[in-house]
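Undergrad: Sequence:
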Amino acid sequence: MSTELPKAYDPRSVEAEALRVWNDEKLFHAEPGDPGDPYAVVIPPPNVTAALHLGHALNNTLQDVLVRWRRMAGDNAIWLPGTDHAGIATQTVVEKRVLAEQGKRRTEFARDEFVKLIQAWKDEYEARITEQLKTMGCSCDWDRQAFTMDAPRALAVREAFYRLFKDGLIYRGKRLVNWDPATQTALADDEVEMEEVDGHFYYLQYPLTDGTGHVTVATTRPETMLGDTAVAINPKDPRAAALRGKSVRLPIVNRVIPIIEDDYVVLPVELGGDEKDPKAVFASGFLKVTPAHDPNDYDLGQRHKLPMINVLAPDGTISDQHGWPREDFDAGDAGFLLGLDRFEARKAVVEWFRQNKLLEEVKPYRHSVGHSYRSHVPIEPYLSDQWYCKVTDDRLAGAALRAMSREQSDSNPPERGTGASPVQQSRSDKGEDRSAETHGRGAHATGEAAWQGQLKFFPARYAKTFQSWHENIRDWCISRQLWWGHRIPVWSRSGGKPIEPATFLGRDWSRDSWPEGFAAEGLRSDLAGKIEFQSVQNADGSTTHFICVKPGHREIELELEQAGFTQDPDVLDTWFSSGLWPLSTLNWPQQTPELAKWNPSHTLCTAREIITLWVSRMVMFNLYFRGCLPFSEVVIHAMIQDGEGRKMSKSLGNGVDPLDIISSHGSDAMRFTLASMATNTQDVRMPVERDAATGKNTSPKFDIGRNFCNKLWNAVRFAMMNLSVASAEKGQRDEGTKGRSGGASPSSSPQSLSPSVPQSLTIDGSRWSLADHWILSRFNRTVAACDEALSNYRFDQYAKTCYDFFWGDFCDWYLEAIKPAMRDPQRAPQTADVLAAVLDGSLRLMHPMIPFITETIWWKLNDVRPQRGLPGRLECPPARRLIKAAWPKVGAFDEAAEQIFAKLQDVVAALRNLRNEHKVDPRRTVSVTINASGEQARQILENREMIELLATCKIEKVGEALPPPERSARAAAAGVEMFVSGLADEAAEQQRVAKRRDELTRQVTQLRGRLANESYARKAPPHLVKQTQDQLADAEAELAKLG
RNA sequence: GGGCCGUUAGCUCAGUUGGCCAGAGCGUCUCCCUUACAAGGAGAAGGUCAUCCGUUCGAGCCGGAUACGGCCCACCA
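Be aware that the first sequence starts at 1, since it is given in the numbering used here, and climbs by one per residue.
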């Protein structure tokens, strides 16, 4: 057994070995039957688009801290890992790569062929991500690693879809979606990024059909005029009356469209519009209405029952193949625009108006335009058939709102049915009445009592984000025109294909007319509960039947397909499967013991950007499908920005691989630094440097963690040398006292602590010094502070508490203070008991944050000194592996020892300061005379050894009213006066004294002023007034001594 | 336009219900390779707490306004 440790800590030498042991011994694995309260964390599954960056490292460090902490605290703790297929993001990445490498587009591949390419990418990055997490020391239960598209998760998705479909919470809708013409898919509102662009306002004249003139509409997108079906004017507009009932002839297409009145139309400034509203400034008062290409116009169109004319193809070109009626081409001359891209068409339309003298004006206009977060092209509002999830239903968003902690939500919580709902109702109650009859929360009623008001956010302010999102929620478009994702489990008869045979599944499918609703009328009885229907009336009067098949019934799917039904080609929005994550990772819908044990999980740890995208959906789904919350506490941590304050992201390419940092600083150093950065703030900056030699990124910010690890390592080196010696001696001593187990003294009765702690206070024959009492008390305070910090998810405070205790108290003071005792054979064994116990406790305390180094040291400590602990004072239940060792319990504080020790620290600091100011060589021992009375004199004398060592001095005399020795410098601290003799620098001393006098004078003036203030004396709490008086007295006394 | 967050030392950040001289790490300066640690030790300098007004005996902290920076939502007439 070697106790020799290398002088500098080398993370590489220990991290791999610790990982191997944890892994081989399956120490991250948990079983539902294990003892302890359940504590589960589900990982926010990283996207397989790319490797992890430091933002993920922060996210996962925090989770690992929590899981390791709770595991040590005795919980049955589990951390469920996995990755997300990230639909559009991953497909786009692979499309780009294939185009770059093979020069081929997605459409040149067969669907399953291309999916295989994406699958290969996924395999590669999933492996890299897993490797990164493991190298970071994440104690995930790797036996349960999941992927949002693997078989168990696919089952969960299909089951969820089927149930929502059955309950009327999924419906087919023709709606304006955010269409990305580049990737040709619909985007969720959250996937649209607003960007400021320089555009123009075009003023177009539309002639009135009665030949009495024209109206001028203002638009930034002139090409959409091809789809105009009305011109609107505000009824308050003075011109409205004269135009009532009139119509205009739309240029180019010659369509006759009505002039309608709607107060949505903004009045121009000259007619009373708001000057601050840019719209009013630019408005003409006439609004062209294009229901198929603008969300507001769509609403207007609905209100006025206007036709919708779609003039674009999915790729963003002008097209007559998607709902633009033939008549327009017969009547007008729009043909020349067909096939033009929307931006080319814009120019062509403007040019046409110019040539026909109908272009009144063009003004430059800067405004924000929605762009695809993937392809970065402008979004086109586009009319298309999509699947929607009716999250506006009370069973989803309403339930999520009720789950919120009361004290965190609004101070005046929304009254149900009033406050929050008007917006919601006006949005959701149009044409979505399919689910009315299936409503009812009866089944979840008992559950609701349990979860209502239980969801908490840390920091609490993020509860507002969550709340306002749900109060203003719109139905969620869940279909995506992609190949990478969960295929929508709905089969339909499309394109008027004949059904062969016409009768199957027990009913005649040649009929177009079906009864309303989802009744399974006429079906074969064995199909009950296996399929669900929805029928939709098409614009041409025909009916489309949509059939959702319950998972596990491939034979029905085949039967449908043989009969001419086809499965929907679209896939589900990636958040649909992510939203099921807390359920699906535990293999829901199967009722597994794991599910029963760990759902709800406890804490979700994520970044604020996905509170709405992800957290919301998990809450809604878990409440809906299982009647309980997915987790009760949501921790939103800071986002890591680069040195310029930009978000760290793949697309910006400023991400830093945690493995780079681990190679420059070590995993523990990275984790420590990240934890200490996890404050209550929103963002933290991380200036990054690139190492020219290795090509890897690094940052000096991580030095703090590396230095701390090195300090820990070296403190242990020191302790080991002493413990191994001491334990040998101790063995001999113990033989004389009838075979007590390895130094741990049996707990007789813990001593009550006298206020003045004599140096020789003994427990079971062991003499404990003041420093021993002090460090134990400090340790207990540290445990309490760590518990507090971790319970409140203040990882920075946890890190700082450990840092301050270990470096500031343990290394700087305790280890120094006990050096004389460790050299004294009489005292060494007892002191070693304390040293070993405090070191043991410290390792436990810091393990969740810096697991590798603490685990490694733990093993060495077990070798050198297997039995540790101070019975009744600091219990150290033995454990082979630190990861499974018990979390420390808070013991008694020793106020008296802390007070006295603090005074001695002040005395030492004052002497050191004096030495430095007088430029005394650090190696030179100086002579000190101390003026102190009674109790203080006694304390100084009792701890003389420590003071002399720490201040490199010799205390010559301690007493009352001792005269200052010749040529001595003076210092004051903790109410005692010190003289250091033999200091040559008279000038320095004069300067010091003068400076101190100034300080004191200023202080006295200030304090006198405060006390002279009558209201202060009257209104401030008495103990503060007393304190002020004492301070004044002290300052005046010291000033007097200075002369 | 609505909402949220931030502004504290040269840099990155703490500062708990208002109450000692506003703190830490890095950087800077001085001294020291002392037997755990130079990735270290001892000490020092450095802040009108963004600005203004208010509440209070007392404000970095509470209230109001302004400026700057960032984020979220809404909005492409």
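Bear in mind the hints are in silico, worked out from the structure with no lab data behind them. One or more of the hints may lead you astray.
[Stated by the list, open to error] Listed next, with one range per pair, are the computed distances between beta-carbon atoms:
#, residue 1, residue 2, range
1, 552, 461, 41 to 47 Å
2, 867, 552, 53 to 59 Å
3, 1015, 934, 15 to 21 Å
[What the hints assert, rightly or not] Only pairs whose alpha carbons sit at most 30 Å apart, straight line, appear in this in silico DSSO-like list of lysine-lysine:
#, residue 1, residue 2
4, 819, 954
5, 1041, 1026
6, 7, 860
Built from N, CA and C at the ideal position, the CB exists for glycine as well.
Undergrad: Looking back at the hints listed earlier, which ones does the structure fail to meet?
TA: 3
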